[in-house]
Amino acid sequence: MSPQLPSPAPPVNPETEAFWSATTRGTLLLKGCRACHVIHWYPRSMCPACGSFDTEWIEASGRGTVYSFTIVRRGAPLAYAEATPYVVAHVELEEGPRIMSNIVDCQPERISVGDHVEVLFHPTGKSSALPRFRPAPASPAPAAAGDRGAHR
Amino acid sequence: VSIRGTAFIAGAFEHPARVIPDKPVAQVHAEVAAGALADAGLTFADVDAYFCDASAPGLGPMSMAEYLGLAVRHVDSTETGGASYIDHVGHAAAAIAAGSCSIALITMADLPRQPRAGFAGATLEWPEHAFEDVFGPTIPALYAMAARRHMHEFGTTSEQLAAIKVAAAHHARYNEHALLRDPVTIDDVVNSPMIADPLHRLDCCVVTDGGGALVVVSAEVARALSRHCVEVMGQASWLKHSGHGRVDLTLTAAARSGPLAFAQAGVTPADVDYVSIYDSFTITVLETIEDLGFCEKGRGGGFVADGALLSPHGALPCNTDGGSLCNNHPGNRGGMIRVIEAVRQLRREAHPELQVPDCAIALAHGTGGSISTRSVGSTLILGRGDS
Numbered sequence: 033m034s035p036q037l038p039s040p041a042p043p044v045n046p047e048t049e050a051f052w053s054a055t056t057r058g059t060l061l062l063k064g065c066r067a068c069h070v071i072h073w074y075p076r077s078m079c080p081a082c083g084s085f086d087t088e089w090i091e092a093s094g095r096g097t098v099y100s101f102t103i104v105r106r107g108a109p110l111a112y113a114e115a116t117p118y119v120v121a122h123v124e125l126e127e128g129p130r131i132m133s134n135i136v137d138c139q140p141e142r143i144s145v146g147d148h149v150e151v152l153f154h155p156t157g158k159s160s161a162l163p164r165f166r167p168a169p170a171s172p173a174p175a176a177a178g179d180r181g182a183h184r
Numbered sequence: 018v019s020i021r022g023t024a025f026i027a028g029a030f031e032h033p034a035r036v037i038p039d040k041p042v043a044q045v046h047a048e049v050a051a052g053a054l055a056d057a058g059l060t061f062a063d064v065d066a067y068f069c070d071a072s073a074p075g076l077g078p079m080s081m082a083e084y085l086g087l088a089v090r091h092v093d094s095t096e097t098g099g100a101s102y103i104d105h106v107g108h109a110a111a112a113i114a115a116g117s118c119s120i121a122l123i124t125m126a127d128l129p130r131q132p133r134a135g136f137a138g139a140t141l142e143w144p145e146h147a148f149e150d151v152f153g154p155t156i157p158a159l160y161a162m163a164a165r166r167h168m169h170e171f172g173t174t175s176e177q178l179a180a181i182k183v184a185a186a187h188h189a190r191y192n193e194h195a196l197l198r199d200p201v202t203i204d205d206v207v208n209s210p211m212i213a214d215p216l217h218r219l220d221c222c223v224v225t226d227g228g229g230a231l232v233v234v235s236a237e238v239a240r241a242l243s244r245h246c247v248e249v250m251g252q253a254s255w256l257k258h259s260g261h262g263r264v265d266l267t268l269t270a271a272a273r274s275g276p277l278a279f280a281q282a283g284v285t286p287a288d289v290d291y292v293s294i295y296d297s298f299t300i301t302v303l304e305t306i307e308d309l310g311f312c313e314k315g316r317g318g319g320f321v322a323d324g325a326l327l328s329p330h331g332a333l334p335c336n337t338d339g340g341s342l343c344n345n346h347p348g349n350r351g352g353m354i355r356v357i358e359a360v361r362q363l364r365r366e367a368h369p370e371l372q373v374p375d376c377a378i379a380l381a382h383g384t385g386g387s388i389s390t391r392s393v394g395s396t397l398i399l400g401r402g403d404s
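Chains as they are written, first to last, in the working numbering: chain A, 33 to 184; chain B, 18 to 404.
Hint data in this document are derived by calculation from the structure and do not stem from the laboratory.
Mixed in with the good hints, there may be bad ones.
Unchecked claim - List time: in silico EDC-like cross-link candidates among lysine to aspartate or glutamate, alpha-carbon distance up to 20 Å:
| hint | chain 1 | residue 1 | chain 2 | residue 2 |
| --- | --- | --- | --- | --- |
| 1 | B | 314 | B | 150 |
| 2 | B | 40 | B | 96 |
| 3 | A | 158 | B | 142 |
| 4 | A | 158 | A | 86 |
| 5 | B | 314 | B | 176 |
| 6 | B | 40 | B | 63 |
| 7 | A | 158 | B | 170 |
| 8 | A | 158 | B | 149 |
| 9 | A | 158 | A | 88 |
Stated by the list, open to error - Pulled a few chain B residues facing chain A out of the computed Cβ check, cut under 7 Å:
| hint | residue |
| --- | --- |
| 10 | 145 |
| 11 | 149 |
| 12 | 153 |
| 13 | 155 |
| 14 | 171 |
| 15 | 212 |
| 16 | 285 |
| 17 | 287 |
C-beta: ideal position from N, C-alpha, C; glycine also.
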């Protein structure tokens, strides 16, 4: 098992305050568009798919798969200088967006593209927590679209 | 509006130094500017347009135009990272075609090997910062994820990627100014320390001080100069980002910039004799040549492993100066030096061992940003200009 990674606090602004506040409660929020129903990443006031400002926060399942990953061994940024080797990944969420994060709680060499992962949160100590992912069993069958609203 | 036949590269100059501890950035700009103007047979007083990127010191092009003593009627500070200078050539050609100027100077220089105050604090305002940088990605890590995904989708191997470095090292042996001139084998690459899996140290480009400059002129000016001028046949760029969070790691902006540039130039990939491809990492070259149409998507690994990139006899002679992987990568921005080597090939001034015979059409491609997040790809097609 890799030791817990450093958790540098992100800058928070009025546009993203709700997102980071939710992370402290163990919730991963995404922004969905009421006009075109696309769920986008990273969360913005306007929908980058259609230009509408009629967007709303929705709760992600926290489940996804590894789209790609790397093991950072050298040249880590200052905050991570003592943390190598660690895993940086693009995780494809069940809701569609591919988001950058870390894969933790596993041997980096055992990770493969396509692995199932689930979110967990590491507090930064400053009113936010970083959404990271750990290996998980395969997801149950996806719920019907109606169960999570009409977003896609 | 076609730019064909309206603009020509008359001057090109690559700073010979790779480590510059004793000069400020502005001075290096001045040295490469003087070099490119001398190459063209022109002077600072002839310049009526100036181009630089956001890494130039001071307030955009204003500080540098003043430092250089330029009297210009057209300025452009397009900032697209390592693709900037290829955009600048296209924009200069368009400005010349529009009658806005007739002699455009493009300079780039930076000193990343030297200690200095950076502007890292500014990244806190970048909208993506809070959702990416907190997870500790490095630049090699971003490209490594593209390599991993390419391997997953197409079966590409580390040994195939290594062939790109081996070709660059073979070419760099003939370049007296190259930072790295030692021969390199496939084993050397795959046995070098892992930086960010699956990229090894020798999959990564060098870091150098230095710079380069270009002079782009109108057809009328080109005819009056004694120096051989190469024709700007076409240039196009494309900005590719993650859309709304669905990044595609195996497709680059070259898939769109390439066809647009080829259409402008009226040529196809089969017509190209030489390519300069910005090689920030081996994977950057692999995905770019696939997306430009030099081989089928996903088949780049086998293509480069067969020696395609070796000059003069490979199927696609590439980066005969040694590229950013071995020769030079000033300011961590690759586009400028890529254009300069393409100009050398078209002038038949590459090293004799590596000169592509009868080189008539060359392509230079720059990538700015990161292919794993957001980037600009810019493609330039140049012609010998004998007609």
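Each hint, compared with the structure:
1. Of the pairs offered as hints, the one joining residue 314 (chain B) and residue 150 (chain B) is violated, with about 31 Å between alpha carbons and a cut-off of 20 Å exceeded.
2. With a CA separation close to 24 Å, the supplied pair residue 40 (chain B) and residue 96 (chain B) exceeds the 20 Å bound.
3. For the suggested pair residue 158 (chain A) and residue 142 (chain B), the alpha carbons sit about 18 Å apart, so the restraint of at most 20 Å is met.
4. A C-alpha spacing of about 29 Å is found between residue 158 (chain A) and residue 86 (chain A), which places the hinted pair above 20 Å, so the restraint is violated.
5. In summary, the hint linking residue 314 (chain B) to residue 176 (chain B) is supported, as the alpha carbons are separated by about 18 Å, within the 20 Å threshold.
6. Distance hint between residue 40 (chain B) and residue 63 (chain B) is unfulfilled; the C-alpha atoms sit about 26 Å from each other, more than 20 Å.
7. A hinted pair counts as satisfied when its Cα atoms are at most 20 Å apart, and residue 158 (chain A) with residue 170 (chain B) does not qualify at roughly 40 Å.
8. For a cut-off of 20 Å, the pair hint linking residue 158 (chain A) to residue 149 (chain B) stands: about 17 Å separates their Cα positions.
9. For the given pair, residue 158 (chain A) sits about 25 Å from residue 88 (chain A) by alpha-carbon distance, which is inconsistent with the 20 Å threshold.
10. Because the beta carbon of residue 145 (chain B) sits about 6 Å from the nearest beta carbon in chain A, less than 7 Å, this interface hint is met.
11. Here the hint on residue 149 (chain B) is kept, as its CB sits about 5 Å from the closest CB of chain A, short of 7 Å.
12. For residue 153 (chain B), the interface hint holds, since its Cβ comes within 7 Å of a Cβ in chain A; the closest pair sits about 4 Å apart.
13. Annotation: interface hint on residue 155 (chain B) holds; nearest CB of chain A at approximately 5 Å, less than 7 Å.
14. The criterion of a C-beta within 7 Å of any C-beta in chain A is not met by residue 171 (chain B), whose closest approach is roughly 12 Å, and the hint is violated.
15. Against a cut-off of 7 Å between C-beta atoms, the interface hint on residue 212 (chain B) holds, since the closest Cβ of chain A lies about 5 Å away.
16. Taking 7 Å as the C-beta contact cut-off toward chain A, the hint placing residue 285 (chain B) at the interface is violated, the least distance being around 32 Å.
17. Taking 7 Å as the C-beta cut-off, the interface hint given for residue 287 (chain B) is violated, the closest approach to chain A being about 32 Å.
Comparing the model with each earlier hint shows violations of hints 1, 2, 4, 6, 7, 9, 14, 16 and 17; every other hint is respected.
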